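Residue numbers (the working numbering), protein chains in the order written: chain A, 1 to 142; chain B, 1 to 358.
In case anyone wonders, no lab produced these hints; they're calculated from the structure.
Keep in mind the model is a prediction, meaning the values are calculated, not measured.
The beta-carbon is built from N, C-alpha and C at its ideal position, and this holds for glycine as well.
Do not take every clue at face value.
[What the hints assert, rightly or not] Below are the DMTMM-like pairs computed for lysine to aspartate or glutamate, each with C-alpha atoms no more than 25 Å apart in a straight line: (1) 85(B) with 27(A); (2) 82(A) with 232(B); (3) 82(A) with 239(B).
[As the list claims (entries may be wrong)] Chain B regions said to be covered by chain A (calculated; three or more residues, Cβ under 8 Å): (4) 77-86; (5) 164-172; (6) 181-189.
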Amino acid sequence: MSLNRRSINYCIIFALYLNTMQSTASDYLPIAITFMVALGFVVLVMVVSHLVGPKNISKTKLEPFECGIEPQGNARVPFSIKYFLVAILFVLFDVEVIFMYPWAVNFKGLALKGLLEMFSFIGVFLIGFYYILKKGALTWED
Amino acid sequence: MLSLENIINGIHTWLNNTFDPTLALTCEFVLLGITAIAIFAVLGLVLVLMERKVAAIMQIRKGPNRVGPFGMFQTVADTLKLIMKEGLTPDGADKVLFNLAPFIVMIAAMLLLAPIPFAKGVQMWDINIGVLFISAVSSISVIGILMAGWASNNKYSLLGAMRSGAQIVSYELSAGLSVITIVILTGSLQLSEIVNAQQNGWWIFKGHIPVLISFVTFIIAVTAETNRAPFDLAEAESELTAGFHTEYSGMKFALFFLAEYINIFIACAIGATLFLGGWMPFHIGNWEGFNAIMDYIPSSIWFVGKTFFLIFLMMWFRWTFPRLRVDQLLNLEWKYLLPISMLNLLVVTVMAIMGWYF
Chain A
1 MSLNRRSINY CIIFALYLNT MQSTASDYLP IAITFMVALG FVVLVMVVSH
51 LVGPKNISKT KLEPFECGIE PQGNARVPFS IKYFLVAILF VLFDVEVIFM
101 YPWAVNFKGL ALKGLLEMFS FIGVFLIGFY YILKKGALTW ED
Chain B
1 MLSLENIING IHTWLNNTFD PTLALTCEFV LLGITAIAIF AVLGLVLVLM
51 ERKVAAIMQI RKGPNRVGPF GMFQTVADTL KLIMKEGLTP DGADKVLFNL
101 APFIVMIAAM LLLAPIPFAK GVQMWDINIG VLFISAVSSI SVIGILMAGW
151 ASNNKYSLLG AMRSGAQIVS YELSAGLSVI TIVILTGSLQ LSEIVNAQQN
201 GWWIFKGHIP VLISFVTFII AVTAETNRAP FDLAEAESEL TAGFHTEYSG
251 MKFALFFLAE YINIFIACAI GATLFLGGWM PFHIGNWEGF NAIMDYIPSS
301 IWFVGKTFFL IFLMMWFRWT FPRLRVDQLL NLEWKYLLPI SMLNLLVVTV
351 MAIMGWYF
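Please model the complete structure; the sequences and the hints are all you need to start from.
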């Protein structure tokens with residue numbers, strides 16, 4: 001029951017928060033304009049460069065660069081799995097970081113209760129971190 | 001007093017008095033676009049020149065000094081040269097991805113200019129989710145880098161892109177956490193409100209040691225995120241030729257290059273806004289005379305000064321520290337910076353609850 005009330009409280013606080021931060025589509029107009037300007041700038045530069053630049057294509061020129069020797073084998077070589085592991089860990093941790101943004105904005109409204117809950121959240125986060133550390137996910141030297 | 005805000009307001013009133021509102025609005029949008037491109041181009045040129053001059057000073061040599069006074073037009077000449085070069089797409093490259101990558105990197109860099117408060121009342125886009133927008137858009141550029149590396153059909157490019165991807169996503173965590181400490185202290189994601197909260201002192205002074213720790217973490221993280229030395233593994237010249245942009249030539253290369261410098265500027269501008277008070281002048285307690293003198297300096301000068309100080313700091317790093325290995329780099333982030341910034345966040349939270357800041 002208490003949990004239920006607490007979650008209702010959160011919903012109310014969040015609704016109030018949304019209400020104070022009402023934004024409409026027109027608020028995002030400047031970013032649309034900036035996007036258009038950026039796209040226009042890049043396209044213009046590329047077109048000008050294409051028109052001005054020389055076009056003498058030869059077979060050796062189009063070879064992938066490999067320090068002057070002939071390219072050996074396929075360029076899409078398999079690489080270390082550890083990069084993939086870093087990406088997966090990033091996804092996990094970044095979601096947790098993103099989750100802190102709404103709390104950080106209105107944690108004064110949530111006061112001590114919100115603080116304690118965030119502490120337990122970060123506690124779980126640190127336990128998970130300790131686990132991956134012990135599992136050796138963060139050792140890169142073989 | 002002549003300030004950017006007055007100039008902009010003057011233009012606004014003049015346009016509205018001369019033309020009807022719709023035309024005036026259109027004119028303003030056109031002007032905004034031209035200004036954005038101008039800022040962008042000028043910043044790129046100035047920063048490249050500054051990089052070369054700082055490098056020259058650090059190594060006791062002159063640097064570019066032939067084109068124009070003190071070599072000031074060197075980067076303009078370089079850009080013109082790059083525009084007139086041939087843009088190649090190598091054999092076996094994924095043509096669409098290869099040509100799309102510079103667009104993504106460049107547009108992501110340019111979008112980030114919108115929410116930055118350049119001076120008092122001068123902000124292209126004052127949105128309530130400013131900080132979130134910046135952390136979201138700044139991570140788009142890694143997609144462009146990975147695309148470039150994969151599409152190039154070159155082993156160096158692939159290795160460089162993979163390193164760069166791992167590095168950028170790792171350091172984004174501690175950059176995000178150190179930004180959150182300021183969001184906690186201010187209670188807002190809006191950049192103009194964050195600046196206003198620093199009226200009576202910048203966060204780096206008001207927030208004591210915890211904010212200092214998050215500032216240092218932030219600077220380290222953005223240095224890594226922008227692929228700067230000592231974290232420039234992605235384009236380590238001695239091992240990978242040029243990393244992910246080995247195969248790029250002409251204007252496509254120039255776009256990557258420009259985007260890199262714009263990203264440095266933006267990272268430093270965010271650092272200056274969050275920690276060093278943005279365009280707020282430096283004040284000491286109740287020294288009325290001193291504060292009045294500081295107020296007399298235009299706010300845009302304050303902003304540019306702080307940002308360029310941080311940029312200079314990053315260039316200084318480049319000539320001070322040797323390059324890290326990739327495992328050392330990831331160790332630094334995952335075993336030191338991430339736990340430290342996590343615990344620091346808790347300390348800042350307690351500090352904000354208890355009101356232990358001025």
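Looking at the structure, which of the earlier hints fail to hold?
-> Number 1 - this is the single hint that the structure violates.
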